[in-house]
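J.: Listed below, chain by chain, are the residues.
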Amino acid sequence: MKARAFSYFRPATITEALTVFAVAGGEASYIAGGQSLVPALALRLQAPERLVDIAHIDALRGISLEDGWLRLGALTRHVEAHDDPLIAAHAPLLALAAPHVAHPAIRNRGTLGGSVALADPASEFPAMMLAMGAEMEIAGTEGTRRVPADSFFLDLYQTALEPGELLVAFHIPAAGPEHRCAFDELARRRGDYAIVGCGTMLTMSGAETSSARIAFLAVGATPVRARAAEASLVGRRLDSETIRSAQAALAEDLDPPDDEQVPAAMRLHLARVLLGRLLGSLAEAA
Amino acid sequence: MNAPLGALDRPNSYIGRSVSRPNAKRLLAGRGRYVTDLVLPRMLHAAFLRSPYAHARISAIDLSAAQAMPGVRLIATGADLAKLCKPWTGTLDHFRGMKSPPQFPLPLDEVLWAGQAVVAVVADTRAQAEDAVEAILIDFEELPPVVDVDAALEPDSDRAAAGLDDNLCFGLKLDSGDVDAAFAAAAYVVEEEFHFGRHTAVTLEPRAILADWDASEGRLTVHHATQTPYQFQDLYSRHYGIPEASVRVVAPDVGGSFGMKLHVYHEDMAVVGLSVLAGRPVKFVADRMESFISDIHARDHRVRARIALDAAGTILAMDVDDVTAIGAFSSYPRTSAVEGNQVVRLMGAPYRFRDYRAELSAVFQNKVQTSQYRAVGHPIACAVTERLVDMAAARAGLDPVAMREKNLIPDDAYPHASPTGYRFEALSHEKCLKRLTVMMDYERLRAEQAELRASGIHRGIGIASFVEISNPSPAFYGIGGARISAQDGAIVKVTPSGEVRCLISVTEQGQGTETIIGQIVADQLGLPRERVRVITGDTEVTPHGGATWACRGAGIGGETALQAARKLRENVLSLAATVLQAKTFELDMRDGVIVDLMTGAERISLAEIARIAYFRSDTLPPGTSAQLSVAHHYAPQGYPFAFTNGIQGCHVELDTETGFVHILKHWVVEDCGRIINPLLVDEQVRGGVVQGLGAAFFEECRYDGNGQLTNGSLADYLVPMACEMPDIEIGHVETLTADTALGAKGCGEAGTAAASAAALNAVNDALSPFRASIAQIPMTPTRLLRALGKI
Ligand SMILES: Cc1cc2nc3c(=O)[nH]c(=O)nc-3n(C[C@H](O)[C@H](O)[C@H](O)COP(=O)(O)OP(=O)(O)OC[C@H]3O[C@@H](n4cnc5c(N)ncnc54)[C@H](O)[C@@H]3O)c2cc1C
Chain A
1 MKARAFSYFR PATITEALTV FAVAGGEASY IAGGQSLVPA LALRLQAPER
51 LVDIAHIDAL RGISLEDGWL RLGALTRHVE AHDDPLIAAH APLLALAAPH
101 VAHPAIRNRG TLGGSVALAD PASEFPAMML AMGAEMEIAG TEGTRRVPAD
151 SFFLDLYQTA LEPGELLVAF HIPAAGPEHR CAFDELARRR GDYAIVGCGT
201 MLTMSGAETS SARIAFLAVG ATPVRARAAE ASLVGRRLDS ETIRSAQAAL
251 AEDLDPPDDE QVPAAMRLHL ARVLLGRLLG SLAEAA
Chain B
1 MNAPLGALDR PNSYIGRSVS RPNAKRLLAG RGRYVTDLVL PRMLHAAFLR
51 SPYAHARISA IDLSAAQAMP GVRLIATGAD LAKLCKPWTG TLDHFRGMKS
101 PPQFPLPLDE VLWAGQAVVA VVADTRAQAE DAVEAILIDF EELPPVVDVD
151 AALEPDSDRA AAGLDDNLCF GLKLDSGDVD AAFAAAAYVV EEEFHFGRHT
201 AVTLEPRAIL ADWDASEGRL TVHHATQTPY QFQDLYSRHY GIPEASVRVV
251 APDVGGSFGM KLHVYHEDMA VVGLSVLAGR PVKFVADRME SFISDIHARD
301 HRVRARIALD AAGTILAMDV DDVTAIGAFS SYPRTSAVEG NQVVRLMGAP
351 YRFRDYRAEL SAVFQNKVQT SQYRAVGHPI ACAVTERLVD MAAARAGLDP
401 VAMREKNLIP DDAYPHASPT GYRFEALSHE KCLKRLTVMM DYERLRAEQA
451 ELRASGIHRG IGIASFVEIS NPSPAFYGIG GARISAQDGA IVKVTPSGEV
501 RCLISVTEQG QGTETIIGQI VADQLGLPRE RVRVITGDTE VTPHGGATWA
551 CRGAGIGGET ALQAARKLRE NVLSLAATVL QAKTFELDMR DGVIVDLMTG
601 AERISLAEIA RIAYFRSDTL PPGTSAQLSV AHHYAPQGYP FAFTNGIQGC
651 HVELDTETGF VHILKHWVVE DCGRIINPLL VDEQVRGGVV QGLGAAFFEE
701 CRYDGNGQLT NGSLADYLVP MACEMPDIEI GHVETLTADT ALGAKGCGEA
751 GTAAASAAAL NAVNDALSPF RASIAQIPMT PTRLLRALGK I
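First to last, the protein sequences are chains A and B. Okay, so the first sequence: first residue is 1 according to this note's numbering, each after it adds one. Okay, so the second sequence: first residue is 1 according to this note's numbering, each after it adds one.
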């Protein structure tokens with residue numbers, strides 16, 4: 001299929017982008033890496049009258065570390081999440097997840113901003129933003145605001161972004177040596193969207209877990225934090241009994257959808273297996 | 001009859017050598033010319049409105065808005081095209097009692113599957129045609145779809161199409177020996193119900209066609225991504241009433257076919273009519289979504305089968321019931337019954353037993369048609385047989401290898417008639433099994449398996465013997481009334497500068513047909529390979545022939561080329577003898593030079609002979625006949641099919657907590673007779689294995705209860721990818737067919753034939769400590785977790 005006709009704009013600044021979008025009266029769409037939007041256009045699942053290409057706005061780029069926060073511009077590419085040393089050091093969950101996101105050709109173009117703005121519940125990066133407690137910097141015609149990941153993902157493909165608002169950057173509390181991170185997912189083929197995936201970030205004090213953040217992908221309408229499982233870890237040694245109780249706690253955290261291919265019970269089962277393996281690997285790494 | 005083809009060490013001895021493909025560089029350099037690349041003056045583009053329902057009546061069509069859209073040149077409905085094109089019916093005479101609804105390019109009043117093309121729009125660009133498709137209004141009156149095969153066979157079932165008395169397209173019963181007595185006397189009986197999913201070919205290049213009707217000359221030229229140009233020349237001629245000689249079908253570079261590109265598709269037939277109506281060239285290229293809902297699908301069987309054994313584990317009898325769901329039509333012109341027919345005839349093929357009974361039911365339903373796809377019927381027969389043989393081995397307390405040693409047809413027992421009605425000239429099951437166990441290091445694998453089980457790692461080892469059908473004679477289609485040739489033709493000619501061109505009816509879709517034909521011609525003539533050019537795929541240029549399907553390119557096309565080249569060689573040497581005043585039998589050609597046969601002394605070059613023949617015939621003695629072009633045809637005459645055989649082994653690791661399977665390694669030993677190009681044979685086998693493993697683990701066209709395909713995209717339909725594929729090691733045994741001088745049989749389907757069976761056995765082997773089993777492919781994590789009782 002071929003996309004329907006559209007007009008194309010390439011603003012150089014955030015302000016210009018917001019304006020060009022606003023005057024289209026709701027019939028516009030931002031395009032960043034195009035790795036989700038272009039297929040949707042070609043399949044005529046989406047047919048905006050106007051494309052606003054944000055890929056040339058410098059203010060949306062850049063990776064920097066300041067005051068304990070890692071700032072990633074929305075245009076940071078998947079491949080940078082895969083390769084960048086600052087990200088590897090301070091947002092290791094992104095680096096661990098990146099090899100599981102699609103394939104090199106797509107990672108070369110796809111952006112973190114596009115992935116998070118789209119908020120596909122099966123996507124890796126949105127769930128990792130949740131696991132890392134990132135904050136999203138958002139620009140609109142009214143000004144700029146910051147929304148924590150915990151209140152950013154609202155429903156299936158729905159986020160705190162209002163129509164026309166731009167995701168500008170991610171602010172991520174920089175991880176340090178006291179953090180232990182692990183990511184894995186179960187996908188039928190390398191690079192596919194997973195049946196279930198999980199990122200885990202533990203803060204250790206001595207042998208005990210002092211805080212934990214665990215986020216799952218592909219278990220519901222949004223990326224999901226496993227708060228009961230997190231709580232079951234805190235203040236305890238990471239032994240097999242603790243791990244089992246965290247696995248059991250997932251029944252409270254997850255309410256996966258039932259579909260014919262992957263019944264709800266299977267997803268919950270796999271989520272438990274995955275969490276068990278991740279925590280097991282963190283325990284071993286200790 | 002196998003005259004020695006010559007030692008590998010003489011110059012130009014290309015048969016048996018791994019030479020590279022002359023066309024590979026061109027394709028890699030992006031210089032391929034696929035139908036999609038072709039642009040003709042005044043060319044238009046077609047797009048189709050497709051039925052959203054699996055079964056519906058068309059009550060009204062409103063084209064007015066669409067007709068006013070920019071760029072639109074023509075909109076045609078079923079009624080418009082039915083005025084030009086005679087309908088077709090997918091039956092063959094030798095399948096007695098077979099029926100199928102008549103088909104038109106576009107339906108007149110009833111749609112029979114979700115995705116069926118209903119209205120065609122022709123516009124200046126594809127995008128404009130698609131815009132106009134969105135503006136067409138159709139009132140559909142939904143009818144109950146037939147989706148479940150068991151329900152379809154109930155007497156009061158809804159019918160998949162108006163006018164059908166029932167939903168049975170074709171039924172067949174085979175009965176040889178006394179099956180009931182054999183089962184009554186058996187020491188053990190094992191039985192299982194198997195389910196095989198639907199899958200589809202997913203060629204890299206989708207279907208593509210560009211039809212160009214020239215009213216001034218009454219000539220139709222069709223550029224068509226097809227395996228079988230002559231078959232389509234005949235069909236376009238007869239269905240559109242254009243004399244055959246005025247129809248030209250050209251298959252340029254074709255990007256994969258696997259059997260999918262030899263069936264008549266409604267859109268393709270429509271495009272010919274659209275070109276006639278528009279008076280301009282019209283192109284249609286199926287996009288990936290269209291491919292999933294309109295390319296033929298394959299398999300879709302439910303098989304109940306059992307075998308009877310004596311106390312020592314000898315197979316006595318087999319009893320099979322295959323129900324296969326074929327979609328709303330039987331495909332044309334090869335039908336949708338060949339698959340089922342081959343399933344019931346290939347059952348138990350590698351084994352020695354006498355009593356056999358089978359029932360086949362090919363059932364209509366409101367889904368895309370199924371039809372011939374690589375290894376037609378083979379994987380089903382092989383998986384059923386091999387799984388039952390493993391189950392029987394377990395019952396009899398035999399290792400799977402020992403079980404096969406006991407029951408395979410011995411290598412010295414040929415010719416052999418199978419109880420299913422086939423005749424095998426010479427197969428090599430025992431040799432292949434021996435070779436395989438060595439390659440796999442079978443004993444070591446078993447020891448390792450036992451060790452790892454103790455530490456909770458569950459590996460499985462599966463093997464599967466198979467028989468493959470190749471080199472089909474007219475007994476395949478001709479006998480059933482289809483105008484599908486079993487013979488091939490070649491023209492081999494010397495150019496004035498002493499190069500050779502071979503125009504041949506077999507075709508190339510990426511498998512290397514042109515390469516092996518060039519090897520054979522150069523080898524037989526005694527010419528450097530670079531001086532032979534092979535030309536295929538144009539009905540205006542090559543002789544008539546069957547082209548490429550059912551593993552016939554090497555065996556039949558190759559023999560045609562060989563015989564043609566030998567004839568030309570005789571002509572060249574006889575002319576050289578005249579020029580040199582020598583005797584033909586004293587001469588030979590080596591590296592393009594006519595030499596003295598005994599001493600090898602150079603006498604005269606081929607180029608010089610050609611120069612004399614073409615430009616200085618006045619210097620030849622009167623009456624000399626300088627025939628430097630030869631046309632030759634060859635059809636198989638001995639056995640109706642040249643059967644081949646082999647065996648595969650699969651090693652997997654099952655994650656019993658997740659149901660995921662890691663395929664560790666795969667082995668194949670296969671016997672395709674004479675190997676013309678080992679590299680190409682190995683790659684054919686590997687590609688086939690990958691498609692078989694795709695079927696075993698990944699590929700499935702899934703439908704919901706309304707007959708809607710729910711995973712018709714490459715995001716949702718899982719084709720096997722490199723990361724998940726194991727190393728595939730290949731060994732060979734060469735048992736030549738004595739029916740030809742070349743001795744070659746097919747190899748293109750061998751990999752697909754048994755890969756899924758070996759995988760099924762391997763996974764079941766891994767499941768065995770849990771007293772769990774699976775009899776359904778693809779073996780998805782969900783199905784495996786269910787088998788394990790984890791969900
Ligand atoms: C074959 C294939 C496989 C894939 N596999 C995976 C996978 O396994 N896991 C995975 O997570 N993803 C996968 N993807 C999707 C890929 O990661 C996309 O790149 C990503 O989802 C979108 O990023 P993008 O920059 O390409 O966004 P685009 O496609 O350009 O845009 C996506 C959406 O986000 C909006 N948008 C983009 N940037 C902004 C912004 N700064 N502010 C506001 N809105 C914005 C756009 O308007 C659009 O609605 C796959 C894609 C393909 C083609």
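Take these hints with a grain of salt, some might be off.
To give an idea of the chain B side of the interface with chain A (calculated C-beta under 10 Å), a few residues [stated by the list, open to error]: (1) Arg96; (2) Ala129; (3) Gly255; (4) Thr658; (5) Ala715; (6) Asp727; (7) Phe770; (8) Ser773; (9) Ile791.
Here chain B is said to cover these stretches of chain A; the calculated rule only asks that three of the stretch's residues, wherever they fall, bring their Cβ under 8 Å from a Cβ of chain B [as the list claims (entries may be wrong)]: (10) 8 to 15; (11) 265 to 278.
Simulated from the structure, these hints should not be mistaken for lab results. For clarity, every value in this text was computed on a predicted model and none was experimentally measured. Each residue gets a CB set at the ideal place from its N, CA and C atoms; glycine is no exception.
J.: Now look at each hint and say whether the structure bears it out.
T.: Checked hints:
1. Arg96: The hint is violated - Arg96 (chain B) has no Cβ within 10 Å of chain A, the shortest such distance being about 39 Å.
2. Ala129: holds (9 Å)
3. Gly255: violated (19 Å)
4. Thr658: Holds, because the Cβ-Cβ distance from Thr658 (chain B) to chain A comes to roughly 6 Å (cut-off 10 Å).
5. Ala715: holds (8 Å)
6. Asp727: Violated, about 16 Å.
7. Phe770: violated (16 Å)
8. Ser773: Because about 19 Å separates Ser773 (chain B) from the closest Cβ in chain A, which is outside the 10 Å limit, the hint is violated.
9. Ile791: holds (5 Å)
10. 8 to 15: violated (count 0)
11. 265 to 278: Since three or more residues must qualify, the claim that chain B covers the stretch 265 to 278 of chain A holds, with 5 doing so at under 8 Å.
Figure legend: structure checked against the earlier numbered hints; hints not met, in rising order: 1, 3, 6, 7, 8, 10.
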